[in-house]
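> Given next are the chains, with one letter for each unit.
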Amino acid sequence: MSADRGSSNSLRPLRAARTDSSLGTDGDGAANAAGTGILRRLSPSALAARSGRARFPLAAPSWPESVPRPPPTPELGVNYDTDWSRRYPVRLARAMVLDNVARPLARVLASPLIRGNEGLTDLEGPVIFAANHASHIDAPLLLSSLPLQFRHHTVVAAAADYFFDRRWKADAWSFLLAAIPIERTKVNRRSADLAAELLDDHWNLVIFPEGGRSPDGWAQTFTGGAAYLAARTGCAVVPVHLDGTRHILPKGGTGLRRTRTTITFGTPLWPDEGENARRFGARIEASVATMANEASSDWWTARKQAASGTTPPLQGPDAAPWRRSWMLSAAPAQHDRDDGVEWPTRKG
Amino acid sequence: MSPRPGFVLEVDRSTPSTLFWHGERFSLERLPEGSRVIYAPEPVDPLKDPVAAIRSALSHPVGDRQPLPSLLRAGMKLTIAFDDISLPLPPMEQPDIRQMVIEQVLDMAAEAGVDDVALIVALALHRRMTEAELRHAIGDRIYDAFAPNGLLTQHDAEDADALVHLGLTDQGEDVEINKRAAESDLLVYVNINLVAMDGGHKSVATGLASYKSLRHHHNPLTMQKSRSFMDQHRSELHSSNWRMGRLIAASGVTVFQIETTLNNDTFPPAFGFLQKREWEWGAKDRLGYLASSKALDRTPARLARQIFHSVKAPHRMTSVQAGEVEAVHALTTQHVWDQQGVEVTGQTDILTMGLPYISPYNVNSILNPILVACLGLGYFFNLYRGKPLVREGGVVIMSHPTPWEFNPVHHPSYIDFFEEVLSETTDPIEVADRFEESFASDPWYIHLYRTGHAYHGVHPFYMWYWCAHALQHLGAVVVVGGDKAAVHRLGFRAASTLSDALEMAEDVVGRSPTLTHLHAPPVLMADVK
Amino acid sequence: MKALVFERNLPRFAASRVASAFGSGRGAGIGPLQLLDADQPGLPGTDWFHLRPLLSGICGSDLATLDGRSSRYFEDMVSFPFVPGHEVVGVLDDGGVDHDGAPLAPGARAVIEPVLGCAPRHIRPLCPQCATGHSGLCGNVAFGALEPGLQTGYCADTGGGWSTAGLAAHASQLHAVPETFSDEDAVVVEPAACAVHAVLSAGIASGDTVAVVGAGTLGLAVVAALHRVTGAVADCTLMVGAKHPHQRDLSDSLGADIVVPPDQLARAVRRHVGSLVLAGRLTNGADVVFDCVGTSESVSQSLAMVRPRGRVVLVGMPGRISIDLAPLWHRELSLVGAYAYGDEGPAPASPDGDPTAIAEPRRTFELAIELVGAAGLGSLVTASYPLERYQEAIAHAGAAGRRGAVKVVFDLRSRKGTTR
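Order-wise, the sequence lines are chains A, B and C.
When the first sequence is numbered by my numbering, its final residue is 372 and no position is left out of the sequence of numbers.
When the second sequence is numbered by my numbering, its final residue is 702 and no position is left out of the sequence of numbers.
When the third sequence is numbered by my numbering, its final residue is 421 and no position is left out of the sequence of numbers.
These are computed hints drawn from the structure, not numbers from a lab.
You may find that some hints are simply not true.
[What the hints assert, rightly or not] Derived EDC-like pairs (lysine to aspartate or glutamate); straight-line CA-CA distance at most 20 Å: (1) K244(C) / D258(C); (2) K385(B) / D343(B); (3) K275(A) / D313(B); (4) K275(A) / E304(B); (5) K398(B) / E409(B); (6) K352(B) / E409(B); (7) K449(B) / E284(B); (8) K449(B) / D511(B); (9) K244(C) / E593(B); (10) K244(C) / D264(C); (11) K275(A) / D317(B); (12) K244(C) / E284(B); (13) K398(B) / E346(B); (14) K3(C) / D38(C); (15) K398(B) / E593(B); (16) K250(B) / E304(B); (17) K250(B) / D342(A); (18) K702(B) / D404(B).
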């Protein structure tokens with residue numbers, strides 16, 4: 025008898041080699057041949073054939089063989105021109121999307137707990153926000169959680185090879201995040217100049233010094249990009265720690281999962297007199313590490329360890345992968361939220 | 174109030190009807206006056222602080238073993254093997270026992286700085302577990318730390334490179350087990366002892382073995398000589414496994430066995446009436462019974478199955494012991510008997526049983542006819558110590574719809590076994606002689622076992638051998654309310670109602686027979702005097 | 002005398018097509034088939050003889066024609082009005098001459114090879130197919146001295162088996178019926194010949210695994226033929242997919258090795274051959290598969306269970322079906338038709354000198370007559386009806402499997418050829 029008699033004998037299991045189909049007929053055995061007549065003429069294949077034969081001027085012209093073609097100018101990647109996304113009408117549209125779509129969505133997906141933003145109220149721009157990076161959700165989340173004075177005048181440095189390799193992607197990210205392309209594998213003059221120019225123009229910048237998302241939850245080594253730009257333009261660097269985003273949209277995973285996150289803004293840092301970019305970068309990283317420590321233990325322990333220089337490294341312990349993962353999952357996920365004080369009511 | 178022990182009820186005129194399971198349904202049947210009904214003991218209180226109990230057991234092992242922390246050191250090779258999806262039944266609420274135990278072991282391993290750790294699902298020739306099932310059993314923390322790195326593997330008994338042959342026992346039985354497990358500095362086994370058959374040397378000798386090893390004790394003759402296979406001391410199945418286990422230990426494999434027992438609190442509160450004695454059903458229970466049985470009667474089988482298989486049981490850990498295999502298992506067996514033992518005096522002519530929807534081999538799947546036979550004549554029939562509940566030549570009456578339905582993903586070889594083998598013969602010995610070899614070596618079944626979620630090609634044979642003792646012992650087997658064609662293919666008789674079944678049984682055992690009903694689940698063990 | 006006549010009548014044709022959707026053969030009552038008074042058909046020539054039918058079978062192709070489901074390909078090869086019935090055993094009241102030229106006494110029984118090739122149509126020279134003995138493949142079935150007609154039973158000039166008035170049979174079509182044969186034995190000679198021809202043209206080698214899909218009359222005849230006619234292949238494994246219990250019993254008794262329900266056939270082949278499954282097909286499979294059903298599902302199923310470079314033989318008449326030919330191309334399969342009969346052999350001399358191998362060309366019908374005698378295929382006739390109850394007869398034939406029957410025939414013996 026058929027396996028599971030009630031169902032049909034069809035044998036199209038999703039992973040064909042892993043299940044024992046009942047070896048009956050397959051669906052295409054019963055399909056009817058396409059009919060003739062009007063149905064055939066309106067079928068997608070017929071329409072495609074007819075439109076494919078469309079000629080100039082309806083379709084784009086072909087180039088005559090005798091005329092030399094100019095070399096193609098690369099317009100994607102680092103060379104993508106993002107100026108249009110900083111014009112006023114586009115900024116307005118982006119602000120509306122950010123405030124009315126992204127922020128509520130972030131509240132639902134990530135319910136971010138924002139700390140340390142008191143230190144930003146008196147800060148005069150422009151500011152470089154340097155954050156750790158664990159998930160693609162980081163940039164939109166951080167951008168929509170910035171204080172109002174920065175939110176609508178901020179660009180996000182995004183990897184040119186990943187976000188700007190196709191036209192539609194470049195357009196999308198430029199609009200939604202005010203992204204600018206940054207070359208992450210080698211030093212590129214153009215992206216550095218662009219970033220510096222924007223900072224001089226009083227645009228704030230969000231940058232992820234790790235250069236990419238963390239593969240296992242522990243941070244990677246910070247590159248010197250943020251420090252270099254700060255030294256060149258004299259801007260403040262605000263270190264930011266994002267906690268919990270790796271669960272929302274994990275690297276390599278699919279699907280969104282609601283998780284509570286914490287966004288901690290650190291105290292703004294300026295490069296000291298004569299301090300080179302590398303040392304400044306180390307200071308930024310130490311600040312983020314302290315905030316990470318604060319998220320996994322508590323503020324006082326973090327301060328004490330920061331003072332004594334014993335903050336556990338952002339890159340995690342030097343141990344087998346399972347132990348690194350084990351330590352990460354053992355930490356308590358979130359602090360208790362105190363959503364408001366319960367005032368006693370007066371009775372009688 | 175302390176839990177009451179199990180007991181045997183004598184049915185009289187004022188006894189209310191008795192609950193009978195019938196696959197995904199249940200009904201109340203009137204048993205004739207003078208019948209007996211065996212009730213399981215009430216659930217024993219679980220441990221208040223299981224995590225502390227586990228930690229204590231790991232630090233104070235029994236038998237010839239050091240405490241676990243002292244056995245762990247940096248640079249060693251540690252393997253943790255654990256029981257697969259067939260335990261516990263029904264699947265328990267999170268956190269699963271395996272999650273609790275393995276987390277403690279891994280905490281100790283992390284403290285000691287052990288880097289080379291591997292986890293193995295000891296499934297022998299059972300099917301591989303899905304990601305969801307693994308996450309349920311060991312928890313997200315362990316899964317996410319081990320599975321992405323390929324350190325959580327499911328035992329593959331057909332991968333010659335992953336097996337190692339340790340030698341022959343003095344009875345010439347091959348001992349061939351998982352290579353990683355055998356070559357580790359320490360092998361920790363995490364067991365859940367649901368019934369008295371589980372645990373002891375069987376954990377490693379069967380759970381991590383290959384077909385070459387298993388056929389020495391998974392065969393009709395061994396099963397016929399196991400009376401019963403739930404009683405370690407009178408079971409040829411266990412003697413063989415013990416020989417193998419001792420050889421494994423002698424080959425230098427250090428096994429740190431962690432065994433746990435559960436109470437028999439099998440049903441969530443909504444279905445609590447299934448566990449209670451019928452005359453103690455309050456208004457809520459009766460209402461619950463009526464509502465659920467009426468609803469289930471109207472529910473299509475597939476949906477009912479889904480509902481039942483999603484139910485997680487509230488049974489909890491009652492004991493945990495760790496250390497050397499045999500010492501640990503002696504304690505575990507005692508705990509199992511403490512929870513499940515019922516004293517029964519004398520055998521009976523007719524044994525009735527209502528079979529539920531689940532067996533160890535169809536978790537999240539269909540109870541096909543072969544598994545019905547295995548559940549009734551294998552497991553339930555053998556829940557005895559001493560003498561079988563039924564006399565020789567007696568009759569077993571089982572109640573189950575026995576649908577002619579198979580899950581093609583989990584049980585592909587069962588379909589062919591049912592069509593090809595059982596249509597020729599139902600004698601276990603003939604089945605083994607003529608057909609076992611070709612099913613065991615069929616490349617397609619091996620492929621499905623290794624890469625899909627199918628039981629091994631030879632597994633339906635083992636299900637049939639599990640019935641060998643009963644088939645030899647009984648005069649007839651009757652199935653009530655089952656698909657007639659399927660029941661006949663199994664070689665049993667089909668009856669539509671219990672009274673018809675009793676009529677049929679009387680043809681075999683004579684007029685006015687004695688009748689005993691096994692009120693299980695929850696699981697019990699009959700100590701037959 | 003009465004005859005069932007199939008007339009060209011479009012509305013009734015359409016009606017029967019609709020009715021057949023509810024089940025094969027249901028359209029007989031309202032279709033273009035009518036029971037009319039008929040006279041003996043005239044003889045188109047001196048080498049034609051009157052044959053008075055005793056039994057005439059109802060075939061799958063007849064049912065398809067009556068239901069309006071047969072392919073439009075055949076439209077040019079029938080002439081209206083015609084009397085159906087090409088499986089006939091009858092009596093030569095006035096005697097005759099058989100295909101070998103041997104005289105047949107008046108009152109002798111004969112069966113006919115219904116194909117109307119060059120010989121009955123007086124076409125000289127013979128077409129290449131008729132010249133080599135493959136009269137079934139004759140291309141002149143719509144030309145010559147007769148009205149177009151694929152076979153007796155589709156031709157307006159010859160009459161057909163479903164009548165008490167008789168039909169006209171050409172000498173080349175007549176085969177004498179052995180004395181030992183019952184009428185039932187004789188009426189299954191024609192389907193047996195189809196089976197014999199299919200089996201002999203399939204190229205089965207020793208030790209092959211052969212699967213037969215469908216266990217109606219043709220399927221069972223194929224099963225019988227496989228073991229008896231192709232002697233050298235005695236060590237083949239024969240696996241049959243039979244839907245109904247009586248079909249399974251008959252398959253067993255006719256010599257099948259493994260008989261299973263049709264949806265289990267692929268599994269059984271897989272188990273026997275030990276192959277894997279990829280893309281819903283067996284990676285290895287049966288060497289030859291006979292499809293005796295002819296639907297989309299059965300052809301797809303047959304293609305799915307045959308080994309690479311294997312052969313699927315279509316024995317039952319198919320219609321217009323839609324199948325995916327990618328597997329056929331990829332695994333170098335052959336999908337061949339097997340139609341009717343003609344001459345068989347000679348078979349290449351087998352190394353072990355098998356005496357039953359065909360040493361010289363023999364007519365399929367002769368081999369079929371031997372097969373029917375050896376296998377007792379007359380028992381396949383399970384129901385008979387008089388002409389008056391033709392609607393029941395055709396409905397029964399349409400539902401034969403379900404109703405426990407195999408071959409349903411018209412019994413024309415109670416009429417003594419008197420006019421009514």
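> Compare the structure with the hints numbered earlier in the document and write down the numbers of the violated ones, lowest to highest.
Result: hints 6, 7, 12, 15, 16 break, sorted rising.
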